[in-house]
Amino acid sequence: MSQEMTVLPLVRPVANLERYLLVQGNASIYYNVVIGARLHLQSLSNGNGLRQWPQEKDQWIALLSPALAWLVHERPALSMVIDDHLGKTPVFRRLPHIDLNKVIRLDSIEHPEEITKVIEDEHAQPFAITNHEVPLWRIIVVHVKQDDTYYLLYSFQHSISDGRSGMMFSELLVERLNHEINKPTPPSSNPAIIPTSEEPLPPSIEQRTDCSPSITTLLKEATMILFLPGPLKRMLEKKYWAGDVDASAKASHETLASYIALTQEETRKIVAAAKAHKTTVNNILFSASVFATKSLFLSDADKTNPSTTKDKFRFSTAVALRNMVNPPIDKYAQGVYISEAVNQNIKVKLETSFWDLSHKYGASIVKSTQTTKGSKKLFEHAGLLKYLPKTQGAWEEFVTEQFKKHQHGREATVRFSNLGKAWDQPQDREVGFKVLHPVFSQSACTTAAAFNCQAATANDTLVMTNTWQKSTFETHEKADRVLAEMRRIMLEAAEKENYSFRDSLANA
Numbered sequence: 236m237s238q239e240m241t242v243l244p245l246v247r248p249v250a251n252l253e254r255y256l257l258v259q260g261n262a263s264i265y266y267n268v269v270i271g272a273r274l275h276l277q278s279l280s281n282g283n284g285l286r287q288w289p290q291e292k293d294q295w296i297a298l299l300s301p302a303l304a305w306l307v308h309e310r311p312a313l314s315m316v317i318d319d320h321l322g323k324t325p326v327f328r329r330l331p332h333i334d335l336n337k338v339i340r341l342d343s344i345e346h347p348e349e350i351t352k353v354i355e356d357e358h359a360q361p362f363a364i365t366n367h368e369v370p371l372w373r374i375i376v377v378h379v380k381q382d383d384t385y386y387l388l389y390s391f392q393h394s395i396s397d398g399r400s401g402m403m404f405s406e407l408l409v410e411r412l413n414h415e416i417n418k419p420t421p422p423s424s425n426p427a428i429i430p431t432s433e434e435p436l437p438p439s440i441e442q443r444t445d446c447s448p449s450i451t452t453l454l455k456e457a458t459m460i461l462f463l464p465g466p467l468k469r470m471l472e473k474k475y476w477a478g479d480v481d482a483s484a485k486a487s488h489e490t491l492a493s494y495i496a497l498t499q500e501e502t503r504k505i506v507a508a509a510k511a512h513k514t515t516v517n518n519i520l521f522s523a524s525v526f527a528t529k530s531l532f533l534s535d536a537d538k539t540n541p542s543t544t545k546d547k548f549r550f551s552t553a554v555a556l557r558n559m560v561n562p563p564i565d566k567y568a569q570g571v572y573i574s575e576a577v578n579q580n581i582k583v584k585l586e587t588s589f590w591d592l593s594h595k596y597g598a599s600i601v602k603s604t605q606t607t608k609g610s611k612k613l614f615e616h617a618g619l620l621k622y623l624p625k626t627q628g629a630w631e632e633f634v635t636e637q638f639k640k641h642q643h644g645r646e647a648t649v650r651f652s653n654l655g656k657a658w659d660q661p662q663d664r665e666v667g668f669k670v671l672h673p674v675f676s677q678s679a680c681t682t683a684a685a686f687n688c689q690a691a692t693a694n695d696t697l698v699m700t701n702t703w704q705k706s707t708f709e710t711h712e713k714a715d716r717v718l719a720e721m722r723r724i725m726l727e728a729a730e731k732e733n734y735s736f737r738d739s740l741a742n743a
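Numbering follows my numbering, with no gaps: position 130 of the sequence shown is 365.
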């Protein structure tokens, strides 16, 4: 009897923040997250390790099975499916086992930068929530023919994991692969079938801390989001630019992506500049994103008479809540522990300073995360969700209504997420699978922002991915150039004590 035809064990209800991310998939406005690393195979002096990469799918299953079995045992969320996903109370149920034949797929590209095509293909595949024979994650193994390296990618439905959880999954997967090289697990009679964990799911953010909104927040948000008609809400809000074409529920959900990996030298230069200017790499990425977007879409880079519009930006930043809870949430706990900080009314004039913009943004993030009022607001994002109707399909109706509520159908110009640094490997010990650089990408969220900008760092290599809904722009030439402009602007700014938007236009 198939797992779909049996009643799987009930684990717990899907919490509100988890449900919100599930609902975005149900409503076809956001599909998945992809995190991973590009690996180089190294021979070991002790004679252990692989002589060559696996070539066939069954060989990859045999290689990955011990590491994935360990991860599934350690991370109960990897064993989950969701039942009654459109109902009043969706619930997590536990699979009895996972068939890696249904989870792992192989792909190949000629050159490393062609990973964008794989990312786009993956972001076009929502998880089949009603299929209770497969979990809410999968593995994509991508061969780079040019140099015989491999991308090992982990794709997941956002309701079971935030970005930090995904990063730790990828880091641990590589660690376990290197562990298995030196201490191989005895071969299984059927490596494709791995047992699932019977451990309870980690508590949700709502179970760990009080997320209840204040009366003031509740009244304000209910008025703006639920009660005000869309035209009136948009009239009362500060205006911001959010793409060439307004978002619409009628437009097909198709994610386009661009991807760029800085060199180690470029990454170190940006890190050094952050220290010299008493700021952070995260803040530098913000300034570069704002400068690049304003330059490409809203400015004339005439060498003798540059100009720019008065359009303002709205910026949404993903914030990890793990260290803001008492006790702090372990970095290896897989769950959804995130919120967002919003910066409104961002102005860029010709004389706007790159470094001043960076410091102002950094100060706003500190205010959002390190003050009582700011941190409470971050948790209120989750707390407000309990006031949404619980009737069949009501949440899906709510998120699709945002097309009418937000300016341009989108709540921001850019939604930014930086995972920071991970995938560290010991310098004093050989590893068979060497991490070259990371991958981090999210499908376009059609009501969220014109651009989703993601960043992650491994092996002193900063990687950025930009994703957007295809229908956001009239042409894709400028959107494709945003990351290259960000790199140019960051490296130019790193060389100068003072660097203005006018300076960035001079070399555009």
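Hints in this document: simulated from the structure, not taken from any laboratory. Mixed in with the good hints, there may be bad ones.
What the hints assert, rightly or not - Cross-link-like lysine-lysine pairs, in silico, PhoX-like; alpha carbons within 20 Å at most: (1) K455 with K669; (2) K669 with K656; (3) K602 with K513; (4) K595 with K582; (5) K474 with K584; (6) K595 with K584; (7) K608 with K595; (8) K608 with K455.
Unchecked claim - Label pairs and their in silico Cβ distance ranges: (9) G655 with N417: 26 to 34 Å; (10) P466 with A511: 41 to 49 Å; (11) Y622 with D481: 50 to 58 Å; (12) K504 with M459: 17 to 25 Å; (13) E349 with N417: 27 to 35 Å; (14) D535 with A297: 53 to 61 Å.
Each residue gets a CB set at the ideal place from its N, CA and C atoms; glycine is no exception.
Hint by hint, which ones does this structure get wrong, listed from lowest number up?
-> Violated: hints 1, 11, 12.
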